[in-house]
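A.B. asks: Now that you have both chains on their own, put them together as the hints suggest.
As you go down the protein sequences, you meet chains D and G in turn. Just so you know, we're using this note's numbering here: the first sequence kicks off at 427 and counts up by one. Just so you know, we're using this note's numbering here: the second sequence kicks off at 135 and counts up by one.
Note that these hints are calculated values from the structure, not bench results. Quick caveat, the model's predicted, so the values are computed rather than measured. C-beta: ideal position from N, C-alpha, C; glycine also.
Distance windows between CB atoms, simulated: (1) D/Ile543 <-> G/Tyr334: 57 to 63 Å; (2) D/Gln504 <-> G/Leu164: 36 to 42 Å; (3) D/Gln808 <-> G/Leu164: 40 to 46 Å; (4) D/Gly533 <-> G/Glu477: 19 to 25 Å; (5) D/Asp829 <-> G/Tyr334: 32 to 38 Å; (6) G/Leu473 <-> D/Leu532: 28 to 34 Å; (7) G/Leu268 <-> D/Leu532: 49 to 55 Å; (8) G/Ile486 <-> D/Gln504: 25 to 31 Å; (9) G/Ile486 <-> D/Lys650: 29 to 35 Å; (10) D/Gly533 <-> G/Leu268: 52 to 58 Å.
One-letter residues, chain by chain:
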Amino acid sequence: MSESDNYVLLMVGISKAFPGVQALDHVDFTLKKGEIHCLIGENGAGKSTLIKVLTGVDHPDSGTIILDGNEVQVKSPQHAQTLGISTVYQEINLCMNLSVAEDILLGREPRNKAGGIDLAKMNTEAADVLDRLLGIDIDVTKPLNSFTVAIQQMVAIARALYVSSAKILILDEPTSSLDANETQQLFKVMSKLKEDGVGIIFITHFIGQVYEISDRITVLRNGKLVGTFETASLSRLELITKMIGRSLDELEKMVKVKLDSSINAESEAILQAKGLGRAGAIAPFDLELHTGEVVGLAGLLGSGRTEIAALLFGSDKPDSGTITVNGKPVQDHSPLGSIKRGIALCPEDRKAAGIVDDLTVRENIMLAIQANRGWFNFLSTQEQYDLADRYIELLNIATPSPDQPVKNLSGGNQQKVILARWLAANPQVLILDEPTRGIDVGTKAEIQKLVLSLAEEGKACVFISSELEEVIRVCNRIAVLRERQKVAEFSGEIDEKTIMHAIAESES
Amino acid sequence: MRMTKSSFTLRKVTESRLFFPLLAFALIMLADFLLIPGFFTFQTRDGNLYGSLIDIFRNGSIVALLAIGMTLVIATGGVDLSVGATMAIVASVAALLMNPYVLGKELSPQTLSLILDPHFTWQPLWVVLLVTLLVAIVCGLWNGLLVAYARIQPMVATLILMIAGRGIAQLITNGVRIQIFYEPYSIIGQGWFILPFSLYLVIIVYVLTWLFTRKTAVGMFIESVGINARSSFFSGISERRIKLLAYTFCGFCAGIAGLVASSNIRTSDANNIGWGLELDAILAVVIGGTSMTGGRFSILASIIGAIVMQAVTTSMYAIGVPAFALGAIKGVVVILVILLYSEQVKRFFQNIAAERKETQP
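If we strip away everything but chain G, and leave its shape as in the complex, we get (with noise of 0.2 Å):
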């Protein structure tokens, strides 16, 4: 077969699209490893390991879900603002299905006695997920239906979201932040299978996304609208179910991250949850070379792209720079990163290539 016939070269390397994520990440742990003694060593307690290379993993897998969902909105040429909001909702949707005090009254006595019980839930854990995912894919939607239908600009149609879902979590609980008791939820967050359960929710999210886009035609009209919605257009593909499709499904991995990001800290916290991660959620993609202006996307480079990010936020916590600084210092890198994306370096690695190509016999 075709594919298979090309060979492994040094030029190949350097054309993939995770070329350069890699290479980020890459010098980031060079400079762990040289500043940072220690970086590198794992614990293993209980059979499960931990490190600091795992933290990046753990922290870095809310970013991670974020990105899979944002790479395909931002590869349809748009753009979504609101998934930190679309998390801090399904945080408090989730916090109000297990622990429902704050609906005090209607509550019977003996429910309300059961609250602080580790095995108490007021709704089963799987309608938990189902509503609250439901309910994230339904924010999806709404973003999706202003953007392909009411021909909103993408920046703006979600700004409404990011802005007035706020509102809308502290609504659901009444203003209040609800502590989440309920012991089987916080595996989400913050169980060890070996690894962190929450990197295993990226693998499958991940693959599952993959082969929905990739083993279907769904990937190759995702590019094709974001490069040329035109042209598109008249080659018979429909443009706003695409891009209906691709804000649902950036919604859908919202509500996974939220479900995450709740299970972290046992609460929902509708001003923290998810705040500002949109913006790191672009700022992953982007690292992973998708283009701001749609087209080609690689869901993997934007992995990637997400683990760049929290890598360097850990490391500048190990190295001791205090958290108040830490937005200028990742500023500092994203930009640093995004020179190493310039043609010229780009030609650079190139010409290297194509050099040795040369002198090869």
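The shape of chain D in the complex, shown without the other chains (with noise of 0.2 Å):
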């Protein structure tokens, strides 16, 4: 067998462009049968394009795609499909509405002897394919929407692996969304997949998993590759370094603002949530945020973290409890009271409830504030502008103009444009549900700092984050959540297994 016979794929020299950006330029990249391949990047490095080449969904400018020996052109995701290239996306790409077993089976699903769907055997096929792919088991006669995000991910994996013998298995970060647990779950189904021979090009922003589950990793910067190399033979640090391509001390530094916890402990109370609940999504609670201080909620996925940011925001009604806003007891819980009272919220699902897709990175960054100014009070091009260009530098928008569709830009670059949406607004209480998932190392730090900085200025901030380790180096205060309820609450010096103890406590 010749070396090249390993190669399931190969990629050569491949280049494309979008208006006003080159996403990939030259780049090449190989998978061998039975690797875990990493496509490592900072946001807007060109990953998800590159993933876009390969699965049909956009064409290359140039550069060839080699599958298995023979050159081919992917016409589409379906043409990707029958070709043995799978993949499941970042953002789920299945129907909501649509029970796990239709979702699954989609378009092959049994049919009776009278040409009919075989309802029966296609709820226990799907239930068998859940359960001997993922080691899952879920009522599959639900609608996909009835599950976390977590399960509809994996059913998103099933579906890409039930669909197709597939060759090549592409995983756009199937782990951000997903707890520990979860994640050792879909690692163990990989390594099974890997023996198997099945080529699989996994995309995190997390630097451990890399490490944990990877053979080789291929690194992009702005479109261009820095290279292709063996795990065991690149330290991490060398890694961030590619990746980033500035060293790690910079980031160090970046993250090493913290602020000393005790001052802020006799500051006056901003906002303060009594007995605050709402059945069946979250138990009454009790919350106070002070000026200058970083609350951080810590919980696993469903624990109710993301249900207590949408009360104290508003955009939820609580069915007992009272808030009140510098003294003031709130009536009206809605968005724009809160933002009138000086609450925001960056909610967790960006694309459905973050970004306006089609308006333009100006306008929507300018979203919040106008509504706040009201209908007639517009702001003028002028202001408009001046706007935009602040926060796009101030946050570093990679994007050619603020008048490109914040659909144009990649996953973390939106995730700043919503970020920017609401500091623009000025608000004295800032909640940010999961605002570093899906984004890399470099940004992640970047608004780790910008949290920090906030709280310096005297603003309170609820960081909401499923990663620990996060939450530790942000929060002054960490407020633990578990299956719906507020279990405890420290500060001061916390430690994660302080934390950790305090999340799994039931569970033992």
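C.D. replies: Okay, structure coming up:
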């Protein structure tokens, strides 16, 4: 067997330009049989575009794709599937209102003799697929949107595996919404597929996972190939340096600005929640936010973190308890009311509740501030551009112009645009629900730094993240949630074990 | 300033929202030029301009007025099927207020004897205009409440008034077609000040709507709600109020269109006024490039869309297509226009523009 037989995929000199951006510039990529190959880079590095070229969503301007020794032109995602290339995207592209079984078997439903869909067979088959491939046991007759994002992600993976006898499986940040257990489950599946000879392209922002599972790493930066490396021979430090093009020392400096938590203990409360709760969402809880502090919400997926954020912001109405802002009780629980009181929320689901994708970067940034000003008190064109320019610079948003539709930006930059929207509204309380999810190391550090500097300015932040390490690094005080209840609160020197213990207590 | 910095290039032109509606219009005009001798000739009578082109603008003005309102509704992700029925209601109310003979006994004999007098009106014109437009606004408000607050699907919600509206229009006039004799009212649809009066109406309504949507945040909020209602909600935009506004405004525009239509034929013909025009208005908006799923809109493009629709009708008549075949022909033309909008054709034009740019020194 010659060396080239080992490669299931060769991509040579791939280039792709979008209006105003050279997304890929002569990038090479190879994938061996039975290999887990990590594709790594900061936001906008070109990872997503490379995948889109491989899966036929976008067509390359130049370059060749050689699959199993034959040159191919991938015409469409359907075509990619018939070629044996299956993808699970970062954002779940399944039908939320269909049942899990329908989603997995969509287009390949088993038929009964009359030619109709054999529901019973479909359900057993779907349950079998989930059990066999992922080892999860859920009610496959329930609609997909009744499950957590993590489960939805798993279903997406199950579908990708089921639909084609995949030679190549692409996982585009599948773990960004999974907790540690679920991630391990996924890794087991990946290892099994690897033994079966499937080539897996794994995109992730979690450096730890890269080292845990991958064989080789390809690093992209600004649409260019930095290099392909054996995972075993590349240290973490080297990897990060290659990714961001600057040394880790700088990064370390950036995150070491954390405030001394003791100063803020006696400062006055901006926001007080007393017995606040909503049946089925979160049990009544108390929470106080003081000027100049960062309060973390820690807990597993579905533990009630997002629900607390929604109640504080007023996007969900509480059915018990009170919120007091600056001593005044809140009557109207609505986003607009909250904006007027100086409370902002960066929601968890960037695509569905954050960006308005056809509007420009400028319009997205000005949305909340304009909603506060009302219909008629319109920002002048000059003010609009000043605002956009200011935040594009402040947050380092990579966009060719403020008039670019925000959908053309990479995920991390979209996240920054939403952050800009809320910073522009100049809130006293900023609630950030998973602001760093699916974001590269460099941007992550920038966002953490930003949160700390906001606190320094005397604002209060609520910081929600699945990464405990990050919560601990950023927060002065941490509220721990478990099964839709607030179970503990820690302040001062917090160590990871204490929190883990609080999170896990009832489960042992 | 930044806006003026952009230079005029072929690429800018093909990416403009107005490019395709204008291209469609130009193609139809070209066909007319080749096929119909004298299509572009103008006559002047009493200082006023007449001609086939003027006819297109005059006859297209009703759909253009409807399309202005419809654009905002469609941009929110909805649709308003009731504008034709609203026109009929407005026509009935207007006719009744100027010629109340159906009220019969309740009127004094003196009033009844004056009814055929072209200078007689029961209520002064300003009352007629005020009341009819208020009625139209109430119709729109009704739709808006159903859609935004009762959360009924726009198509179903507006279907209610579409069907009930013509019945209401009949009830108002007691099932009778009322003729309008009052002379000044006919100016709205038939007046001519060099150009047809209804054309000025379109321009005025357009300019006011443009100012209202683009010089305030309303236009951006409408687009934002149409693109992603949930993100808009999280940003503090009241989706309900925006939708209520759009439907109410659409009713208002339908009211003006109803005035023009009834003034044109000088009667309240509840069965025929505005019949089928809701679909013409929707098509005009689609030709104007606004997506039926909501989002970015251009009112001017919709107006051009309305003119394109009328140009097709007028041209077909001029060529000699019989009236009964018109629907079928219109369908073909609409398909052709929609094909022009397809991604493939768009890319084709953008590629041409891009190549030009590259070959330039």
